[in-house]
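In order, the protein sequences belong to chains A and B.
For the first sequence, position 119 (counting from the first letter as 1) is numbered 122 according to the numbering used here, and the numbering increases by one without interruption.
For the second sequence, position 170 (counting from the first letter as 1) is numbered 733 according to the numbering used here, and the numbering increases by one without interruption.
Calculated directly from the structure, the hints in this document are not laboratory data.
Among these hints, one or two may not hold up.
As the list claims (entries may be wrong) - Computed list of lysine-lysine pairs in BS3-like fashion (alpha-carbon distance at most 25 Å, straight line):
| # | chain 1 | residue 1 | chain 2 | residue 2 |
| --- | --- | --- | --- | --- |
| 1 | A | Lys300 | B | Lys942 |
| 2 | A | Lys282 | B | Lys942 |
| 3 | A | Lys180 | A | Lys249 |
| 4 | B | Lys663 | B | Lys740 |
| 5 | B | Lys742 | B | Lys663 |
| 6 | B | Lys592 | B | Lys908 |
Okay, here's what each chain looks like letter by letter:
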Amino acid sequence: MAVLTEAPAPPAGVDFGLTEEQELLREQIRRFAEERIQPGAQERDREHRFPLEIFEEMGELGLLGMLVPEEHGGAGMDTVSYVVAMEEISRVDPAVAVTMSVTNSVCCWPINRFGSEELKRRVLPELASGGALGGFGLTEPGAGSDVGGMRSTARREGDEWVLDGEKAWITNAGHAKYYVVVARTNPEAGKRGLSAFVVPSDAPGFSVGQPEEKMGLRSSRTAQIYFSGCRVPAGNLLGQEGHGFKIALATLDHSRIGIAAQAVGIHQRALELAVQYAKDRVQFGVPIAEHQAVQFKIAQISTELAAARVLTYNAAALDHTPQAGRLSAQAKLYASEAANRACQESLQLHGGNGFHEDYEISRLYRDVRVTTIYEGTSEMQRLVIARHLLS
Amino acid sequence: MHIELTEEQKLLQETVRRFAEEVAGPRAKEIDQTGEFPRSFFDQAGELGLAGVSVPEEYGGAGMDTLSYSLVIEEVSRVCATSGVILSVNNSLVCDPLLKFGTEEQKKEFLTPLAAGRKLGCFALTEPGAGSDPAGLRATARLDGDDYVLNGNKVFITNGTDADIALVFASIDLEKKHKGITCFIVPADTPGYHHGTHEFKLGVNASGTTELAFDNCRIPARWRLGEEGDGFKVAMATLDGGRIGIAAQAVGIAQGAFEEALAYSQQREQFNQKLADFQAIQFYLADMATEIDAARLLTWKAAWAKENQKRYTLEAAQAKLFASEMAQRVTNKALQIHGGYGYTKEYNVERYFRDARITEIYEGTSEIQKMVIADWVLKA
Numbered sequence: 004m005a006v007l008t009e010a011p012a013p014p015a016g017v018d019f020g021l022t023e024e025q026e027l028l029r030e031q032i033r034r035f036a037e038e039r040i041q042p043g044a045q046e047r048d049r050e051h052r053f054p055l056e057i058f059e060e061m062g063e064l065g066l067l068g069m070l071v072p073e074e075h076g077g078a079g080m081d082t083v084s085y086v087v088a089m090e091e092i093s094r095v096d097p098a099v100a101v102t103m104s105v106t107n108s109v110c111c112w113p114i115n116r117f118g119s120e121e122l123k124r125r126v127l128p129e130l131a132s133g134g135a136l137g138g139f140g141l142t143e144p145g146a147g148s149d150v151g152g153m154r155s156t157a158r159r160e161g162d163e164w165v166l167d168g169e170k171a172w173i174t175n176a177g178h179a180k181y182y183v184v185v186a187r188t189n190p191e192a193g194k195r196g197l198s199a200f201v202v203p204s205d206a207p208g209f210s211v212g213q214p215e216e217k218m219g220l221r222s223s224r225t226a227q228i229y230f231s232g233c234r235v236p237a238g239n240l241l242g243q244e245g246h247g248f249k250i251a252l253a254t255l256d257h258s259r260i261g262i263a264a265q266a267v268g269i270h271q272r273a274l275e276l277a278v279q280y281a282k283d284r285v286q287f288g289v290p291i292a293e294h295q296a297v298q299f300k301i302a303q304i305s306t307e308l309a310a311a312r313v314l315t316y317n318a319a320a321l322d323h324t325p326q327a328g329r330l331s332a333q334a335k336l337y338a339s340e341a342a343n344r345a346c347q348e349s350l351q352l353h354g355g356n357g358f359h360e361d362y363e364i365s366r367l368y369r370d371v372r373v374t375t376i377y378e379g380t381s382e383m384q385r386l387v388i389a390r391h392l393l394s
Numbered sequence: 564m565h566i567e568l569t570e571e572q573k574l575l576q577e578t579v580r581r582f583a584e585e586v587a588g589p590r591a592k593e594i595d596q597t598g599e600f601p602r603s604f605f606d607q608a609g610e611l612g613l614a615g616v617s618v619p620e621e622y623g624g625a626g627m628d629t630l631s632y633s634l635v636i637e638e639v640s641r642v643c644a645t646s647g648v649i650l651s652v653n654n655s656l657v658c659d660p661l662l663k664f665g666t667e668e669q670k671k672e673f674l675t676p677l678a679a680g681r682k683l684g685c686f687a688l689t690e691p692g693a694g695s696d697p698a699g700l701r702a703t704a705r706l707d708g709d710d711y712v713l714n715g716n717k718v719f720i721t722n723g724t725d726a727d728i729a730l731v732f733a734s735i736d737l738e739k740k741h742k743g744i745t746c747f748i749v750p751a752d753t754p755g756y757h758h759g760t761h762e763f764k765l766g767v768n769a770s771g772t773t774e775l776a777f778d779n780c781r782i783p784a785r786w787r788l789g790e791e792g793d794g795f796k797v798a799m800a801t802l803d804g805g806r807i808g809i810a811a812q813a814v815g816i817a818q819g820a821f822e823e824a825l826a827y828s829q830q831r832e833q834f835n836q837k838l839a840d841f842q843a844i845q846f847y848l849a850d851m852a853t854e855i856d857a858a859r860l861l862t863w864k865a866a867w868a869k870e871n872q873k874r875y876t877l878e879a880a881q882a883k884l885f886a887s888e889m890a891q892r893v894t895n896k897a898l899q900i901h902g903g904y905g906y907t908k909e910y911n912v913e914r915y916f917r918d919a920r921i922t923e924i925y926e927g928t929s930e931i932q933k934m935v936i937a938d939w940v941l942k943a
């Protein structure tokens, strides 16, 4: 896999093109995804089977620590390259992509950004190489969009933090080795009373619940995680005590770009499937692609894909600027809503076949649904955007 | 991937914003109601280089790139959509084809005064019976010695009441269908050239839209633009570029309406709080801002592709389709946020709402854009 050592100075002005390295990366990942991930996607979905072997390969290729600097074992790439990779993996299997997104965006990213040098050296090389998958424990049964309402606690005891509580909807639960977990360290301080930790899966007092039965992304793993007097070293605190809420929001600002890219990848595939089916399927004596209503559906799916893609790549390219939070929320909001419409329309175009499990679009239709929900619902994205507009 | 304007582009954007607010803005409401063509606006825009933004300086233009052109149209349309389309037509539909297909002599004689804004151009393709299907046009051009003699009627011609020069599409042989279509440069003072009076429209009401009639209108053969039979190609290539201008116009209209709605929501109080404090209004604003950004990026992408000699037919059609339909939704929501006041002439938002409507129709309806897009996607 091509590794960028240092980003070249940005060209003056507007350039919608990818660099040669990014184009090459896209080709390489597309080939890998089509050869190694696509073939078993339908079966894995049916069997709810988590493909550990694929993540080993992805780790070796540097896809699980794309944004981690090379000195910590990562690929040291830029956010646009990460979006390219997420898009390509999502195009063939969104369930594989979510594990990739969680490990990169909500585990490696906050550790790299807020962790101590010692902590980074201890855990990042393992995560970035695929030796360990990552997880993120923010949501609780009673605290979804309202992060501040969480009840999990952490208290300091000597050189350790002791965690108690439970987290829900944890992607990679049971397979991840490191979880970034936010818990309350001060019951009186509201949002300023939250802190973030890295919790290894072998920490005493850590346990994982039964896998959830989900509508889509069935070959990804989702479960609750529990902390019962769970002890982690003091050095596993991210940033400072009381910074947990800020760290969570910063992480989500970043990770939304990954989910936007996931939606773009699914949208791309929904378009490809619609085009292929429309050319193959004959009704009234002609391929249905010759019917204007079908053509217009395809034009609409394609145009909305172009819009979702420019928003997502723009958010990635400008992720270091003051508008980054608004741009990633806009990208995630639009791309996820558009991808849902695209899958709906592509399935419609498949007629009865689209309702059959043998057709890929039926899986995508289920998989895409969660993109408007996780890592901030569409409604939360609108709140974030409005806050930026009105401030 | 690097989406940041150059210093020159930012300066241009600021300059045009100030110019538009000072010159086009104050008259926007009035000309919308009277329908009076704002010729003095065009003259002043010409002095600033806005009549031929992307035309090289040697031919009277400002010598800037396509993205700069889209910024100009957006900024002008943000305060006055009528002024935006007047400039868009002169730039995209008149200067562009003259630059691309004109002879050196034609560029000196016609392009230079048009690009400098000393003369105003119009684009005469549509006919009463040939709208989306221009190949069905009935206007004719007959070679007579060293002249062509034009006969026929054109409708919905923006700038038509005031134009000094028209690009006219006519057939040298109706039997040949689109292969007979040829483009001609016709000065408005040519005997046999007639224009109608301003037509009152739902929106962009002062853009001088009218019909043209050619009654044995005789022009020298050297004023033919391109070869005989090239007209259809000239028209299609021109409309590809024109769509970038209309997409930019739609973005500008939406941006103007959005800004008014944002400001209104922060002033207006109901139930003892600002409208902006209501979640429903916040969500409207969030969706509006998101769609405007998407449309602007699509427009810039098409402009960037054209500037860099990449394929841009698909990109321009997508930008135009998305931006025009976005402008319809955004201006509708902006009016809704204004409530009853939005429905009155006291506020600008009803004008934005009416002006946005045409962007889904002219320079290729949304349906034509979808045909273009589907064609590209299905043959890929």
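Check the hint pairing lysine 663 of chain B with lysine 740 of chain B against an upper bound of 25 Å on the C-alpha distance. holds (24 Å)
Holds or violated: lysine 282 of chain A and lysine 942 of chain B, Cα atoms, limit 25 Å. Judged against 25 Å, a Cα distance of about 10 Å means the pair holds.
Is the straight-line distance between the alpha-carbon of lysine 592 of chain B and that of lysine 908 of chain B 25 Å or less? Within the cut-off at roughly 9 Å; holds.
Does lysine 942 of chain B sit within 25 Å of lysine 300 of chain A, going by the straight-line distance between their CA atoms? Holds, at roughly 15 Å.
Next pair to validate is lysine 742 of chain B with lysine 663 of chain B; report whether the Cα-Cα distance is within 25 Å. holds (19 Å)
CA of lysine 180 of chain A to CA of lysine 249 of chain A, is that 25 Å or under? With a Cα-Cα distance of about 24 Å, the restraint between lysine 180 of chain A and lysine 249 of chain A holds, given a limit of 25 Å.
Checked against the numbered hints above, the structure violates none of them.
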